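Letter by letter, the chains look like this.
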Amino acid sequence: MAESIPVEENGHHAGDHRDHGHHEMSFSEKYIFPLDHKMIAMQYMFTGMFMALIGGFFAYAFRMQLAFPGIEVPGWGVVSPADYNSLVTNHGTIMIFWVAMPVLIAAFGNYLIPLMIGADDMVFPKINRLSYQVFLLSAIVILSAFFVEGGAFGGAWTAYPPLSTKAEYSLTGLGSTLWITAVFLEFVAFLLGGINFITTCMNSRAPGMKMWDIPMVVWMIVIASILFMLSVGPLLAGGIMMLFDQNLGTAFFDPDKGGDPILWQHLFWFFGHPEVYVVLLPAVGIVADVMTTFSRKKLFGYKTVLYTAIGTGVLSFTVWAHHQFIAGIDPRMANVFTVTTLLISVPIAEMMFVYIATLYGGSITLTTPMLWALAFIFEFLIGGITGIFLGASGNDIYMHDTYFVLAHFHYTFYPIAIIGTYAGFTYWFPKMFGRMMNDTLGKLHFWLTIIPFNGIFLPLFVLGAAGQHRRIYDYQNFPELALPWMQDMRQFATVMLLIMLGAQVLFFYNVITSWMSGEKAPKNPWKANSLEWTADSPPPHGNWPEGLPNCYRGPYEYSHPDREEDYWPQNEPA
Amino acid sequence: MILDSLLPAAASTYAGDIDRLFDVITVLVMIPFTIACFLFFSFILKFKAKDGVKALYITGTEHRYMKWIHRAHFPILTFDLIIVVMAINVWYDVKQDLPEMESEVRVIAQQWAWTFVHPGADNTMGTADDITKVNELHVSTGTLYHYKLEALDVLHNFSVPVFRLKQDAIPGRVITGWFEPTVTGEYDIQCAEICGIGHGLMPARIHISSPEAYSAWVERESAAALARAMGESKSIELAGN
Numbered sequence: 001m002a003e004s005i006p007v008e009e010n011g012h013h014a015g016d017h018r019d020h021g022h023h024e025m026s027f028s029e030k031y032i033f034p035l036d037h038k039m040i041a042m043q044y045m046f047t048g049m050f051m052a053l054i055g056g057f058f059a060y061a062f063r064m065q066l067a068f069p070g071i072e073v074p075g076w077g078v079v080s081p082a083d084y085n086s087l088v089t090n091h092g093t094i095m096i097f098w099v100a101m102p103v104l105i106a107a108f109g110n111y112l113i114p115l116m117i118g119a120d121d122m123v124f125p126k127i128n129r130l131s132y133q134v135f136l137l138s139a140i141v142i143l144s145a146f147f148v149e150g151g152a153f154g155g156a157w158t159a160y161p162p163l164s165t166k167a168e169y170s171l172t173g174l175g176s177t178l179w180i181t182a183v184f185l186e187f188v189a190f191l192l193g194g195i196n197f198i199t200t201c202m203n204s205r206a207p208g209m210k211m212w213d214i215p216m217v218v219w220m221i222v223i224a225s226i227l228f229m230l231s232v233g234p235l236l237a238g239g240i241m242m243l244f245d246q247n248l249g250t251a252f253f254d255p256d257k258g259g260d261p262i263l264w265q266h267l268f269w270f271f272g273h274p275e276v277y278v279v280l281l282p283a284v285g286i287v288a289d290v291m292t293t294f295s296r297k298k299l300f301g302y303k304t305v306l307y308t309a310i311g312t313g314v315l316s317f318t319v320w321a322h323h324q325f326i327a328g329i330d331p332r333m334a335n336v337f338t339v340t341t342l343l344i345s346v347p348i349a350e351m352m353f354v355y356i357a358t359l360y361g362g363s364i365t366l367t368t369p370m371l372w373a374l375a376f377i378f379e380f381l382i383g384g385i386t387g388i389f390l391g392a393s394g395n396d397i398y399m400h401d402t403y404f405v406l407a408h409f410h411y412t413f414y415p416i417a418i419i420g421t422y423a424g425f426t427y428w429f430p431k432m433f434g435r436m437m438n439d440t441l442g443k444l445h446f447w448l449t450i451i452p453f454n455g456i457f458l459p460l461f462v463l464g465a466a467g468q469h470r471r472i473y474d475y476q477n478f479p480e481l482a483l484p485w486m487q488d489m490r491q492f493a494t495v496m497l498l499i500m501l502g503a504q505v506l507f508f509y510n511v512i513t514s515w516m517s518g519e520k521a522p523k524n525p526w527k528a529n530s531l532e533w534t535a536d537s538p539p540p541h542g543n544w545p546e547g548l549p550n551c552y553r554g555p556y557e558y559s560h561p562d563r564e565e566d567y568w569p570q571n572e573p574a
Numbered sequence: 001m002i003l004d005s006l007l008p009a010a011a012s013t014y015a016g017d018i019d020r021l022f023d024v025i026t027v028l029v030m031i032p033f034t035i036a037c038f039l040f041f042s043f044i045l046k047f048k049a050k051d052g053v054k055a056l057y058i059t060g061t062e063h064r065y066m067k068w069i070h071r072a073h074f075p076i077l078t079f080d081l082i083i084v085v086m087a088i089n090v091w092y093d094v095k096q097d098l099p100e101m102e103s104e105v106r107v108i109a110q111q112w113a114w115t116f117v118h119p120g121a122d123n124t125m126g127t128a129d130d131i132t133k134v135n136e137l138h139v140s141t142g143t144l145y146h147y148k149l150e151a152l153d154v155l156h157n158f159s160v161p162v163f164r165l166k167q168d169a170i171p172g173r174v175i176t177g178w179f180e181p182t183v184t185g186e187y188d189i190q191c192a193e194i195c196g197i198g199h200g201l202m203p204a205r206i207h208i209s210s211p212e213a214y215s216a217w218v219e220r221e222s223a224a225a226l227a228r229a230m231g232e233s234k235s236i237e238l239a240g241n
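Chains as they are written, first to last, in the numbering used here: chain A, 1 to 574; chain B, 1 to 241.
Please note that a few of the clues may not be correct.
Anything over 12 Å on all C-beta distances counts as not near chain A; from chain B, calculated [said to hold, decoys possible]:
1) T127
2) E136
3) P211
4) R228
5) M230
Below 27 Å or equal to it, Euclidean Cα-Cα: the simulated BS3-like pairs (lysine-lysine) are [to be verified]:
6) K443/A <-> K46/B
7) K54/B <-> K523/A
8) K166/A <-> K148/B
9) K523/A <-> K46/B
10) K67/B <-> K54/B
Please keep in mind that the hints were generated in silico from the structure rather than gathered at the bench.
Please read these numbers as outputs of a predicted model, since none were measured by experiment.
C-beta atoms are modelled at their ideal positions from N, C-alpha and C, and glycine is treated no differently.
Construct all of the structure, not just a fragment, from the sequences and the given hints.
Here it is, written out as structure tokens:
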């Protein structure tokens, strides 16, 4: 770091933040341009949730078109074929890059890493602030595409050229450029954020905190950040090539002038597949912390979970071409990628077994966060096993680009992004806002989300197996896909979506009323072990004004036989 | 078995192999899934918090516990191996190994229509009696076809669900594959790769006939194509004069 900051005996950077406590911060210093990791986390969290509402609204609009072709969709109007393409494209892009990533990695990473490792802030608070500002800019850029001539980009979230590079094919010129620019900026934001996560976790741990004492969620966010950094390079390069092709007349992906459209697919999926694990791992970490707390159990095999996470991470770099089995690449490649893809089932299965084994012999309380954590495991199991169908090359010939694929990845991404977020948010809510959430409303919200979720996507497995392809806005044009039972299933899925979206109103209602007038939260309402529960609720700027905590043991010492209490906080001397 | 109940027909020689693979995978993945769900729900029910009962302290590092996790890998690896071998076998037959052809068709995709070129009565491509049809592919049962797939603008995907066949069309390349129809009838051809605004309006039909009916069709269309070609060359000659 360029600035010289006084370093305390225990190796922590002091000064910067504690000093802030001495003068009154203005509104903009505190809320708009904050340096405090918790406030930056909140900015990421609420921007992510806002984008989730937009992504959810897009899903509502195109699913209404699918269920009731040609009707005027309330809030949108008639969905034209061009609208349909840009809705599905931006639903996918926004949900992955502007919801899953900012919330799971940036918001939870920012909030939890310093608090859980016993630091007063990130190592580079100004880079942290810059990271959010670049992210906000990227969000503005992607949404602005809806207001330019030609409309938002509609070439799918995978943006395969030449459709994405030539305005004469996609009919969106500036919209396509804004799309790729936004994705590019968003990645820059996460590179900046990732630097902080890794450095802070390695350098600012509380005295006594060894590598194996770090809570799983922190580990997972760090591993995810490393995976992101290793995988994003090719796509950033691809993004620049795409921008050049769109605007400067180059032909990296243009076959007419000697380019190759499949090059983009390699660059995209070399990033795109590890990306699944980039967002998966933080959710897996959140679930570990929530599950151990509410089953009062030690995590079954702490190191096993870590090694399996690293194993899936490494393997995730070797599987990208399973997205391209039928893309016209050399068919012999499919054999190699089938083997590597199916191998991932080994560490992932181990991870799931470890979680199920953690429940064994526990003392389980079904609080709202625990319900979400358990739902994560169940739904993710379905997502995992259906992946086998698609990883098997011979079967993918038929299944590729059907609704089976769509149902499969929603069964992986939804548990990750939505269920994982709700598990973490409801668990750390008392710490974040100093109030308890209403548990009854929380449970109602849980059931009204989880049942319709299955109602939406289980029928899509059936439709996919029956041959329904993706991204077709009106199946009436295809006699074999317009059968009455299929249309009934589409309508059922859409009605379920409406119920699920409606249930989210309940969530926001619960958040706002609990925040305003919920019961005051004590420091450690769940009797949990990790260090964040030793700070005030909510923690002040600098986290521990009286001095940073020490760490004496790992985070999962629940129900230790030598102890009367069933928990043993990390900062409590033996 | 499972797929059959959902789809209208399996109409190519390899469709049955893909269906069988689907069934085997379904059975194999349901075994660990059912066991995992059973353990998961029974643990939740059995170990609900009770007053005065403390949870067990299990670190998960002792061999007597870890062996349960490790042993579970053997069936999973075995299932993976079976699936890999079957999947690659099917893949090899459908995509990698190109059997000798008996006839061929050209499939040309563009925004947003399919053009199919059939060889005429001489069963040779590139002659004057070739039959060109838009959004209609005509084939006969019992004939092994090679398709030559092209795209004129963006990526498309030649998908014939009844054949269990799918292949991307790439501008700048000609991709060769094969199929052999087994059942007569008329079915959907779909574009399965997003190709712009008209992607949802790009349906075509495949007409699978018996060899006799197909020969009759070819003869009729071929003669018409030939007459058209003659007419065109005549008019060019006239224009030249």
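Against the structure, the hints:
no.: 1; hint: T127; verdict: holds (28 Å)
no.: 2; hint: E136; verdict: holds (14 Å)
no.: 3; hint: P211; verdict: holds (25 Å)
no.: 4; hint: R228; verdict: holds (29 Å)
no.: 5; hint: M230; verdict: holds (34 Å)
no.: 6; hint: K443/A <-> K46/B; verdict: holds (21 Å)
no.: 7; hint: K54/B <-> K523/A; verdict: holds (23 Å)
no.: 8; hint: K166/A <-> K148/B; verdict: holds (25 Å)
no.: 9; hint: K523/A <-> K46/B; verdict: violated (31 Å)
no.: 10; hint: K67/B <-> K54/B; verdict: holds (24 Å)
Taken one by one, the earlier hints fail for this structure only at number 9.
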